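S.K.: Okay, here's what each chain looks like letter by letter:
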Amino acid sequence: MSVPSPMQRFSLVPPAQGLYDPTHERDACGLAMVATLRGTAGHDIIDAALTALRNLEHRGAIGSDAGTGDGAGIITQIPDAFLRAVLPFELPPVGSYAIGTAFLPGDDVQREHEKAGIEAIVVAEGLEVLGWRLVPTDPALIGTLAREAMPVFEQLVVRSTRSDAEGNPLAGAPLDRQCFRARKRAERELGSYFPSLSCRTLVYKGMVTTLQLEPFYPDLSDERFTSKLALVHSRYSTNTFPSWPLAQPFRSIAHNGEINTVQGNRNWMRARQSQLESELFGDLRDIFPIVTPGASDSASFDEVVELLTLGGRSLPHAIMMMVPEAWENQPDLDPALRDFYEYHGMLMEPWDGPAALVFTDGSLVGATLDRNGLRPGRFVVTDDGLVVLASEIGVLDIDPSRIVRKGRLRPGKMFLVDTQLGRLIEDDEIKSELAGMQPWGEWLDGQRINLHDLPEREHIVHTPASIVRRQRTFGYTEEEVRVLLAPMANAGAEPLGAMGSDTPIAVLSDRPRLIFDYFTQQFAQVTNPPLDSIREEVVTSMRLGLGPERNLLDATPRHARQVVLDFPIIDNDELAKIQHIDPRPGSSLTTTIRGLYRVDAGPTSLEERIASMCAEVDDAIADGAEFIVLSDRDSTAALAPVPSLLMLSAIHHHLIRTEKRMQVGLIVEAGDVREVHHCAVLIGYGASAINPYLAMESVENLVRSGMLTGITPEKAVRNIITALGKGVLKIMSKMGISTVGSYAGAQTFEAVGLGREFIDRYFTGTSTVLGGVGIDTIAAENAARHTFAYPATPSVNPHQRLQTGGEYQWRREGPPHLFNPETVFRLQHATRSKRYDIFREYTKAVDDQAENLMTLRGLFRLKTEARTPVPLDEVESISSIVRRFTTGAMSMGAISPEMHETLAVAMNRIGGRSNTGEGGESTERLLDPEKRSAIKQVASGRFGVTSLYLTHATDLQIKMAQGAKPGEGGQLPANKVYPWIARLRHGTAGVGLISPPPHHDIYSIEDLKQLIFDLKRANPVARVHVKLVSQSGIGAVAAGVAKAKADVILISGHDGGTGASPLNSLKHAGTPWELGLAEAQQTLMLNNMRGRVTVQADGQMKTGRDVVIAALLGAEEFGFATAPMVVSGCILMRVCHLDTCPVGVATQNPELRKRFTGTPEFVITFMEFLAQEVREYLASLGFRTLEEAVGRADLLDVDRAVRRWKADGLDLSPILEGPVFDETAPRSKKEEQDHELDEHFDNELIRLSFDALQHGSPVRIDLPIRNTERAVGTMLGHQVTLLHGEHGLAPDTIDVTLTGSAGQSLGAFMPGGITLRLYGDSNDYVGKGLSGGRIIVRPSRDAIFHAERNVIAGNVIGYGATSGEMFLRGIVGERFLVRNSGATAVVEGVGDHALEYMTGGTALILGATGRNLGAGMSGGTAYVYNLRTERVNEAALATGELELSPLDADDRVLVANLLHRHADETESALAARLIAEGDVALDRFVKVLPRDFAAVLATRDTAVMEGLDPDGDVVWGRILEATGG
Amino acid sequence: MVNPRGFITAPEREVPARRPVPLRLMDWKEVYEQGDQAVLRRQAGRCMDCGVPFCHQGCPLGNLIPEWNDLTWRGEGRQAIERLHATNNFPEFTGKLCPAPCESSCVLGINQPAVTIKQVEASIIEQAWNNGWVQPAPPERLTGKTVAVVGSGPAGLAAAQQLTRVGHTVAVFEKEDRIGGLLRYGIPDFKMEKHHIDARLTQMQAEGTRFRAGVEIGVDITWAELRTRYDAVVIATGAPQARDAAIPGRDALGIHYAMEYLTQSNRVQAGDQVVEQISAEGKHVVVLGGGDTGADCIGTAHRQGALSVTNLAIGVQPPNERSEAQPWPMQPTLFEVQSAHEEGGERVYLASTVEFLSNEAGEVRALRVAETEYLDGRRVPKAGTEREIPADLVLLALGFTGVGRTTLDDQLALPFNGSGTLGRHADFTTGETGIFVAGDAGRGASLIVWAIAEGRAAAAAVDTYLQGSSELPAPVRATDRPFAI
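Residue numbers (my numbering), protein chains in the order written: chain X, 102 to 1626; chain E, 6 to 490.
Bound conformation, chain X alone (with noise of 0.2 Å):
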């Protein structure tokens, strides 16, 4: 009988269907911990956390079912005199007992069986079970949901029959080993789950709100309940499938945030499975896997923990080697530290993502921050020795009086509570303790190689022919080698590219294609960031240990020996070294296979030699070997290389399953890489090194042969490297993964187009949901390059060297592309002539090549003939069908004036929807009803988001990704910036304008839903859109989107995107929004929120055709962004970011926008047209309208697809078949949005505010405020945008006295004209999106601690402010001001990254900065005082991007100013002291000053000097020459 895996008990997650697959959900939440240092346990410790955790409510969730929440939970010390009180049995002394509960079945025979299952299993173990209680609950409070899966809770005692040295029972650690391994075989053979089964702590969790936590377990409200500690979590899952065992907190940790690499770590803990041993444990075999199949990434995470700890190592400890800070780039980083850090990262990877944990071991409680600080922390510690942490301040209700400290958790730094001893262990003592346990430096020093060390080899310099031969062997086009890597040779960066893709995916293409190509990379969207690996560099590290890994639960001066590669991507000479790798003479370490078959012999022949790949690797490492090299070199007519992902994958995972992969390092010498994204697959899959060598042979070649001057052979190799290796940490990147020792093997990929048997066998562990080809077509297209490498007749095409490509640009002889001369030219006539014959040829043309293999709908059928067709006429007319149209986001900016314009004419004439894109909007365009554009972007820029743009949007969308670059940022380079645009964006003319790659406000869905409750009190009657882009797990993530609240949920395709984008982003990211969509549609009907969302689709939309497929897979509403530009005159030239478009399109240059000829009126046609097409299909389908075709996916078949060489393995019936839902279950949208306006602060402040907002006179406001009070002011501000327009009203006209602790968001968007004077501390995003208004953030009067010492506000502050001031009398978080363009701030210390982004505005810093000071920053002003340089940007300051300099007489009369008025908002003692110094403390400011804005200010200054207009052409073009742009 199989054991069902306890995580999937008492459940409601469905299993996978359809598109659906439980293994995508994501979760993410809010945590608390309490604990006390008197060193007495009381029940103030359990109310104080279970308050906490009430005031964290918002941070969780509640699904379909408004009673069920997400989950919650508790842990606490053992309650020993409660447990005495209510257990019917003697307990030995607290210590030698433990304690957990089991969930169990409702069933009484079920569950007796199991108990006696569990039983046998504990005396087993050598324990001896004490007996049994019957939990209380109170099951009437929680959701029908809920209660469904609800177990039966009873917990179980046992003390151990076994005896320590002394003679007493085993008692503490010991116990809990004897425990572990009960509970792990419970679970391993009877699926039994315990929340936690311990000496030491006691959890209770389940699928409750975090209100119905104590009431439901009535224990908790005992007052015998006691502790000195307690963690608390409230979940936030992005479905709303009640499982109760995934709850929080774990055993030992809660964990707010999401472990992106998770995959991996899963993988590689399987692969030490084999060489854990440890004499604590006894024979492990009993309870492998370590790792739980089906848990949340945080339970898998909570089981490795639990396994270092029991293994012997310290909480801490252990938390230290799964989450490492950032130490590879801190040049101050302790050296003895940083050797526990190398050393321990070669016994394990990171657990990377952003995260907030809390753990414990039941006497030690502690709390710590991933590298990137991308979770908040925040604490208090009181007089009395009680201290809090939460993921907020103000969680709970403490007299400022009796404060002595507020802190906040830094990035990868630990707060430690010893509650035994009763103090407080910092991040320094803790950590220096770990570094000087053993000499790691020492057994480093003894044991690593380094690459430099190694003698170096002779340089082998190929032939031109041989390398023409293997690059048609590897099938390189002559476009590679022209687009990609001359690129790349001559920058060393990845080229850029532009206006999406058009061609066939893998799959789809009826020419061969690398295996890479079926690969697509996942990236992280809403429930965890992308990183931003440019501005962010100081966090992410491509350093990685290469060789054997040894017993995890050891630690000896031989787990050091590895090689160690700063860069995953190695030339020919670095690899030959390691080939050569002789610890004795004779002997290597390196053992190098080649993957070689006989073509001829086809598919089986490769198959066997994979299979003896494998052999021969089990040989080697039989033999001693240590690295292997897997070769693709050497390969001949007869001999075909074996694709060198195939190898390694097929390799990678034979060696996990047989548990030897630890035992080598492998690296790949592979002639068919010549991507980024090749790189990134190769790594994804477990290569720990790559050596691309003929991309590297191949730009030798091309220096050698002079077709790239100016460089030399080597340097061009180093720079594909450099591109090589930039390019893969970006991958990274976008799925938040900063280490390449934690990307390597994460499988953060997903193939479209490969059979599931195929996957299963090679690429184990990878989502494909619609199967696809096998081994044999892999092999089939492997032979048909090979045949062109080595053809029959040589000289048939002598003079074609390669063959030509078109993956890019198009060509005759390349991929067919959707957007080609004739589509592109009929499309222009039909709608320039009005001929809607002409525009039936085009779409004709377009379906018919869809048809044939391009597009995964073009494979779909109408099933016209399931239902009776209505005359046209009873259709509903084009005007109704065109109002569900939209354009494309793309921003003044990108495109031109004229375009963008043409386009919000075209949609407001016909009641559709144009969008801004993120690039903001004229006030002139703004309030122009013809000419605004209804949708306004909110994108990580922020870029002209003010409280006027917000209030004159219909809709407001957030963009979370883009179809042709998921989880990149964008970038507006320089000389695009041309005055008008700066003006629009809050930037300088001539500067460079970037936008990150995550919203610094968005780093999990908690916080998205954070955002759209921001917008929503922006702007209360815009609808808010997120919008996705296409990927497996889209679902998930749309119905966590559904639970933000979010009004509309854009999903993209993968191929859409008109803006630039390097070109792995183009090709290799994302899904086509037909799986998106269906995948979305499936999953927020399994959770039943469709009712209450509307969905968009976009990405290649052309035709009618596409239109009433997508509405058929489920969306209502329809967007177009390429098509409308053609109709514009767009002839894709594809280098929209070179700002030399030359039909006036995408350009801000005045000459070539003079050439724009589009028309609103074509634009018109151009939807009128598609509306009318999309009516003609609704009658042919029986529909009278387009809603109700809405995800009637049943209308779909796929029985025509065309069977052909590589379609023929696709299953697309999960796309259209999926799970079964009743008739009545909405599949469109039927209801609004909660969006709890009602409820709102500000409600009470604009009654209050009356005279104000009516006749503009004064009013103050004095009102209490607590962490649960967000976005308090922006509602308000909203009222007075209205009312009294884009400057609001005189300063200080509604001026708001706040006492408390301010919930997030304080002030977000607020107008000039309102004051909010907060007295008591806020937490994050203070003053984000800040429009003018005045906000004051001070200590309570009553406070006791030094404010400047202190944390006043939380991170992200002032984030897209535009104007305004804020006066912060204490510290502050990370990312202060990001992306501030024209605010003022006086704050008195701030965090890691501050003033990143920076375009505009004054910062006035007078206390210290964390790390990496001014990244990105290229306007504004910033003082600090005492500035430590080693804190600012590296690269800015070496490339002089960022001026230091002291102030001059001006500036000393602004600091001057701003210090005092400091000091009279806030009453700083700091200010004040400052002001007393006088001259001597303006000394030791140092003013931060980005040099191309100082440059172009000082250019504008000399121009209206010399009477010459600032924004005209001479200086223009002296701007330029001045910034370089």
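Possibly wrong hints are sitting among the right ones.
[Unchecked claim] If you want the footprint, here are the derived chain X segments under chain E, 3+ residues with CB under 8 Å: (1) 894 to 907; (2) 914 to 924; (3) 1235 to 1242.
These are calculated hints, taken from the structure and not from any lab test.
No experiment lies behind these values; they were computed from the predicted model shown.
We put the CB at the ideal spot given by N, CA and C, even for glycine.
With chain X's structure known, arrange chain E on it following the hints.
M.R.: Only chain E this time, still in chain X's reference frame:
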């Protein structure tokens, strides 16, 4: 890689100057002066390397225009000729003779003068010949299959070269005494000197192609014999049938088909003696027909020493700019000034010839010409507008009507289309197994670039027929036509 701003910094077209008219009328050599490499590179640098290169679509051969423009801009002539030869067997022919549909569809042409693609092409191949980069590419092994190519114009030669390189044994049959078809005898030297053809033939011979001039299939050898002797036959005999003018007085002496006149002139240039050569010397010449052939007649007549040359065209003078009815990227009908037009003569539009008038010797002496009037879309002479134009020599350049009812008709029984061309399928096959039709013979009179494209594509079809599959490129189908609305 390419010059991203070239089209902005160099907004205008620059092509090599033609030699001064008085000078060039003194000889028969090509009219263009040597081009300036710097200018050429600047012009090549105007190419925008489009994401969707319409030129590459507009060219029936699918010339990789952006690629060799870029290579030219960067001075990589050796690489450029490789990329050019990858799609075009005879770039020197197209570089001189093709009316460049690529330039009509050049994206730059939407709002700026197009890139001088044809000039770049001509220069690349010229440089290649000068540097010895054009070498034979004989097959490494032979298939043992044989192919007869009938007709040695551009279609036949292209098919022959492709098939030879695959390893088939190919014989090209030509009924005239020299190989080259229309290239040889239809095109005056001032447009293309014949040594270009000879150089190619030398290359082809070195590759193994066999040439049989002076053999007319159906007469000297029957079609049936040919089929028996070869595994496949490619008919590339062109569409030489000239359109006649059914006008009173047509039988007067001194009225000739343009092609007859040009052929004689070309023979003389080739050094042959032509008895009773039709010559314009000392005559008033009237050329009927405003097309390329007409222009060739004008240039030839001037060089022969005509007293006057009048070119009559029945239709309206084409516009200087593209009309709305022919939107980009279609190839528009435009008013052209070819080199011959610069050299003298008068171009008369809306000229409907009503009658040829002859003297008592039966020799033509004048044309009676009326103004053309459009009635219900038909062109008719407008009554009362007649006038006389003196003429001693009248050349009919009124276009072509097809293959001509020749021996093909009775010996092969291939169907003829209404347009006088041979019926065939999209893949160049015909109802007769093993017989293929390429070039004007199937398409009707068309551009040289179509002829080469068809030759290449037909070669692929032949190779597939002979070997089951083919690695030869097939740039066009027989049914393909330029974009039209």
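S.K.: It remains to establish, for every hint, whether it holds in the given structure.
M.R.: Results of checking the hints against the structure:
{"no.": "1", "hint": "894 to 907", "result": "holds (count 10)"}
{"no.": "2", "hint": "914 to 924", "result": "holds (count 6)"}
{"no.": "3", "hint": "1235 to 1242", "result": "holds (count 4)"}
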